[in-house]
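Q: For the record, the sequence lines run as chains A and B. Residues in the first sequence are numbered from 0 upward in steps of one, following numbering that gives the first Met the number 0. Residues in the second sequence are numbered from 0 upward in steps of one, following numbering that gives the first Met the number 0.
What the hints contain is simulated information worked out from the structure, not anything from laboratory work. All C-beta atoms, glycine included, are put in the ideal place defined by N, C-alpha and C. Some hints here could point you the wrong way.
Far from chain B, some chain A residues (derived; all Cβ distances over 12 Å) [stated by the list, open to error]:
| id | residue |
| --- | --- |
| 1 | Lys9 |
| 2 | Tyr71 |
| 3 | Gln92 |
| 4 | Ala114 |
| 5 | Ser244 |
| 6 | Gly272 |
| 7 | Thr394 |
To be clear about the criterion: a stretch of chain B counts as covered by chain A if any three or more of its residues have a C-beta under 8 Å from a C-beta of chain A, and this derived list gives those stretches [stated by the list, open to error]:
| id | region |
| --- | --- |
| 8 | 38-50 |
| 9 | 81-87 |
| 10 | 104-112 |
| 11 | 144-158 |
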Amino acid sequence: MSETSPQDFKHLALSLAGAQDSAPWLDSLRFTGTEQWLEAQWPGRRTELWKYTPLASLQRGQFASWGSAQAYTLAEHALLSLDAIRLVFVNGQFDAQASAGDVAGVVRFSKADAAQQALIEARLGKIVDTKRHLFASLSNAWTQDGVLVHVPKNTKLELPIYIVHVSTPEATPATANHRVLVVLEESAQAEIIEHFISDEQAQNGFVNSLTEIQVGANAHLSHYRMNLEEEHIIHIGGVHINLASNAQYLGFTLSEGSQLKRIDYQICHKGKGAHAGLNGVYLPRNEHLLDYHTNVEHEAPHCTTSEVFRGIIADSARAVFNGRIHIHPDAQKTLAELSNKNLLTSDKAEVDTKPELEIYADDVKCAHGATVSQLDQTSMFYLRSRGLCEKQARTMLSFGFINELLQDLPQQAVREHLHRHLTQLFDKDHFAS
Amino acid sequence: MLDIRNLNARVEETEILRNLSLRIKPGEVHAIMGPNGAGKSTLGNVLSGRPGYEATSGEVEFNGKNLLDMGIEERAREGLFLAFQYPVEIPGVSNMEFLKASVDARRKHLGLPELSSFDFMKIARETSKRVSLDAAFLKRGVNEGFSGGEKKRNEILQMMLLEPSLCILDETDSGLDIDALQVVAAGVNSMRSAERSFIVVTHYQRLLDFIIPDYVHVLAGGRIVKSGGKELALELEAKGYAWLEDEVA
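Only chain B is shown next, with the shape it has when bound in the complex:
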């Protein structure tokens, strides 16, 4: 699914990721944890092609193709999805039109026919129910005036509609209360399948009570310093990150 080999990346002039390697097979859920400033969000941004995040060396293979050669929209159409830590508000652009345009782009890429507006609206309404987002939000501007939790649920809604093969959740738990967290987690869990993989980036173990990962990696100083099973998350919760940073140093 995804094979990251010796990836180095920088944001503007600062080197953030150092020699990072990670292999993800279809159906796996990998959690990436780590202290603030470890480069967790940078990883998601580099993988999705965000301008300003530059891979300086290393390779990333996504479904057998060279990911770093692809444009932003190409990666998305190929099935990579980044759930933003801070989803953008775009007043004046209707959420429904935006969602339809993105689903149309993905379907076209897959050689599927465009959905009629009627069919799409029906699907969008049903899907928004699954993330407890009132259908009225579909008519509003993209994320316009949405609360933090509503924005995150809108991200999961997009993910469900686009049916990506690799989902990267960038601190999706930040700013969520426990109810919203459960809604988001249930949405993610309903999407889990043998073909679809997840990278769950989080600072706290809490999210991983609801989305049980297959692997947990600790990112510090721009590389993976420790990997393990789900129990590693609990250990981190109990001990913090400092001991690992000491270990590495």
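Okay, chain A solo, but in the shape it has when bound:
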């Protein structure tokens, strides 16, 4: 199928915007989004942020309808076994049956009361920088519903919020817009898990997702985001976080590949003494294209960032990693570290990695590095000298390479789910060939 021109794609996308009812109070966000989406330059090979990630498969996709609400039974093994406040969206549509009832602090935009509407209006689309994030404009243009997590001052959410997005088979290529806004007031605490999955029968789908997070002073957020949709699902997603003084954000993200996945993380240290920890794993295989772009803005002094991303690229897949840390002139006493390691398990696998450090303050400690390698031969010999066959040794070493980031995850349900899920994936050989 041929590619739609950027202009046609933009209009096709916008034709969807009017196809659903939305509350009038969200109109101004939608108008602004529409304008920015239409005005923005379409990314090409010369667009630095999209240099290695062509959007051809998106333009070919004929995504001319919204995902449909379906009665879909979730397979238990596909979900975390976890006591949590669960919200389930099927093809972008809320599934009340599979979701928890009303819980204080968690509300969908469409059910928000006046105070919550005011909070959403004040924050939504304001944490993300739409000038740098084209698909955030589209998300704004599309927004008619979403999830607000609002944790008041000095409050700790006892249960994790577990948001599940499922893509299921549709008659025609369909689109879903996922929107999450998290606001932690001063000294609040919460844990949020976003889990994207697809039914194995799912055909072409496009998921545009945007999560905006405000962590207030001294507040603490743990955030997991797993993109486990298969093969046919295109996912363009963004997580945008503002940290007030002494706020803490601990993030973990893991993505399997598909025909196109692009995930952006943007973290802004707005107040002094904040800490951000972000670990990530990417596992593209087959012909996948998987792109992580992270950007950390140190705007305030005495903040710390620790970021570790690891990827295993198999078959003819391609991964892109771009990790930028930007230390502003006022951000003295910053401590920032970024590490990216890649393992290629095939001659045709490719990774384009670029750590970027921009420092405009003079009293900071920063380190960054990226490596691309193959399995260590001494370790291979060690394992085989204990009786493991070559394939078993390869699988064990590859898994070990990413397991370093999995084994210490504080959330047991995530840790165990991923361990089980990835063991099955690794048994399929891609990451051990």
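Given the coordinates of chain A, work out where chain B should sit on it, guided by the hints.
A: Leaving out everything else, chain B in the frame of chain A:
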């Protein structure tokens, strides 16, 4: 058990072992001593099939089979075990999973059923106690952050679990303090039996105070230049290796 006949081997382009012959019967402990660079470690590496260590001529028979024809894992499953001089750290791979996989592979080869995880953990815990390795080490990454002594004890732990018929200890004493040395030696001694043989490669006589060998061989310039009983080790300790090298030259 092991019959090495006129073995020549090279590492990359350098000829290291020259016409080496050695016969080991079941139950025997052979010490291989010699100066640095004599080819002591090369012997263990060639026997275990390490890539880059190539036997260019000669024969090695192990339990009646041609050892040099076997792949690395096949040799291990047949009962050959090399305790590494520098055990490898593998973060992210749990020691317990690694140990179970290796024991499973050996048992399968012997036609024995796989052990359940529960049974294996019990055995692994008991065995780790025997080498004074805290059970917490079983849960860590393979050798990850282990001290030199802990790594060597982990090697002996593996050896005990795999119950090999031929154990090659490659400078297992290097970097060990006297307490760790005794733990390691006690582990080895507890494994000695009429069916199991050992090759103890060492630079120093000290280890042989604790693991008493039946035979001592001196390796110099890639071949065995002198063989004798355990008293040869003491002579070497007193006189060094230079006199032998002179003798050979």
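Q: A separate judgement is required for each hint: does it hold in the structure or not?
A: Here is how each hint holds up against the structure:
The beta carbon of lysine 9 (chain A) is kept farther than 12 Å from every beta carbon of chain B, the shortest such distance being approximately 44 Å. Separation of tyrosine 71 (chain A) from chain B is adequate, the least Cβ-Cβ distance of about 35 Å exceeding the 12 Å criterion. Separation of glutamine 92 (chain A) from chain B is adequate, the least Cβ-Cβ distance of about 39 Å exceeding the 12 Å criterion. No Cβ of chain B comes within 12 Å of the Cβ of alanine 114 (chain A); the nearest lies about 47 Å off, and the non-interface call holds.
Every Cβ of chain B is farther than 12 Å from the Cβ of serine 244 (chain A); the closest lies at roughly 35 Å, confirming the non-interface assignment. Glycine 272 (chain A), annotated as away from the interface, keeps every beta carbon of chain B farther than 12 Å; the closest lies near 30 Å. The claim that threonine 394 (chain A) lies off the interface is violated: its Cβ sits roughly 10 Å from the closest Cβ of chain B, which falls inside the 12 Å cut-off. Look at the region 38-50 of chain B against chain A: 4 of its residues bring a Cβ nearer than 8 Å to a Cβ of that chain, three or more, so the hint holds.
For the region 81-87 of chain B, the stated coverage by chain A is satisfied: 4 residues place a CB nearer than 8 Å to a CB of that chain, which reaches the threshold of 3. For the region 104-112 of chain B, the proposed coverage by chain A is satisfied: 3 residues have a C-beta within less than 8 Å of a C-beta in that chain, meeting the threshold of three. Given a C-beta distance limit of less than 8 Å, the hint that chain A covers the region 144-158 of chain B is violated, as 1 residues qualify and 3 are needed.
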